[in-house]
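Given only the sequences and the hints, what does the whole structure look like? Please build it.
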Amino acid sequence: MESIRIQYIAIIGSALLLIFVLFLIKKKRLKEEYSLLWLFFGLVFLAISLWKDALDWISELIGIAYPPAALFLILLMAVFVIMIEFSVIISRHSNWIRKMGQDVGLMKNEIEQLKKKLDSK
Amino acid sequence: MKKNNLSSKVLVVIPAYNEAANIAEVIHSINQEFPHFDIVVVNDASEDDTGEIASQTKLAEVIHLPFNLGIGGCVQTGFKYAFQHQYDIALQFDGDGQHLIREIKTILSPIYDGSADCVIGSRFVQDDESFRPASIRMLGIRLIRSVSYVIIRQYITDQTSGFRAYNKHTIEFLANTYPDHYPEPELIVILGINKFRIKEVFTQMRERQGGISSIPLWKGPYYIIRVILAMLMASLRTKKIHKY
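Protein sequences appear in the order of chains D and C.
Numbering-wise, the first sequence is residues 439 to 559 according to the working numbering.
Numbering-wise, the second sequence is residues 32 to 275 according to the working numbering.
Hints were generated in silico from the structure; no laboratory data involved.
Quick caveat, the model's predicted, so the values are computed rather than measured.
Be careful, since some hints might not be right.
Derived DEER-like restraints, expressed as beta-carbon distance ranges [to be verified]: (1) C/185 with D/482: 47 to 53 Å; (2) D/445 with C/99: 49 to 55 Å; (3) D/490 with C/99: 50 to 56 Å; (4) C/228 with D/510: 54 to 60 Å; (5) D/534 with C/132: 34 to 40 Å; (6) D/542 with C/256: 29 to 35 Å; (7) C/169 with D/496: 52 to 58 Å.
Beta carbons: idealized from backbone N, C-alpha and C, even for Gly.
Structure follows, in structure tokens:
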């Protein structure tokens, strides 16, 4: 009984995660390009909770004695991968912002120079 | 194609962050000594009136950055300006009065005679009493110097000097490629592996007159690790011009 109840909770939990991510995409509060990893891991969690022998199988495969530990491993991996993706995105954005700041500065200066030229005519 | 000293268009790039105390004097003295040089002050979103004071001198173009980019992004803006306006030589000169006007000639001469693409004004090339950094700092300087030597096989003693001159070819490169934070040592590696000829010349420097050091002592270990990581990573990007 216990294991069936936890399975239901797991299925509902993963389904809610998937629905929430899809909802955010629909509302345009999350871009598709940044949501792929969330959807992927949402599906992984759903798969694990539907196919309940999966955890036992995985833990045996990689030599984990206590199957719930495999779950923690998968969770941690998901968080790590998603956070690395965030760092990459942040770095890319900070490069864009830097370039934009430089261009704004240069363009303001160019406008000033052009204004001066016009005034002196 | 060698140009003589007078026909070369020289741009002095002054990165400035909260340098209201010194900036006007620096601009005036450069203009007095070298009236044919153009000056551009890149105001890195200073909180004081550095930008206004620089504009009021009427001797320098001022670029106001909309937000603080840090020294790398700030200086690079100057090189982008130099590239857009087709300058032959760009001279990076600090706005805090640390660099001496009379040393500009020393730093430019290897560019004028075509013997280097990049010249670094160094506090250390000759033993001089005028500048002695704290000894713990010296340890970090030695470490960074060794890593740099291993990568580019050339000793650059003053890795962090911001007193530098570049020729036209290098300006174009820098307008596209410039490291971000604490950029000076990393830039040496990038220029070295891209086969730019780097030369170091001895220049006297004054103790800082105003402002605070960009690296407080307690940040030392963090700075060193970050710089060395950046240098090693830059060395792995061999010769691929990396656009930031």
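Numbered hints the structure breaks, given as an ascending list: Going through the list in order, the structure violates no hint and respects every one.
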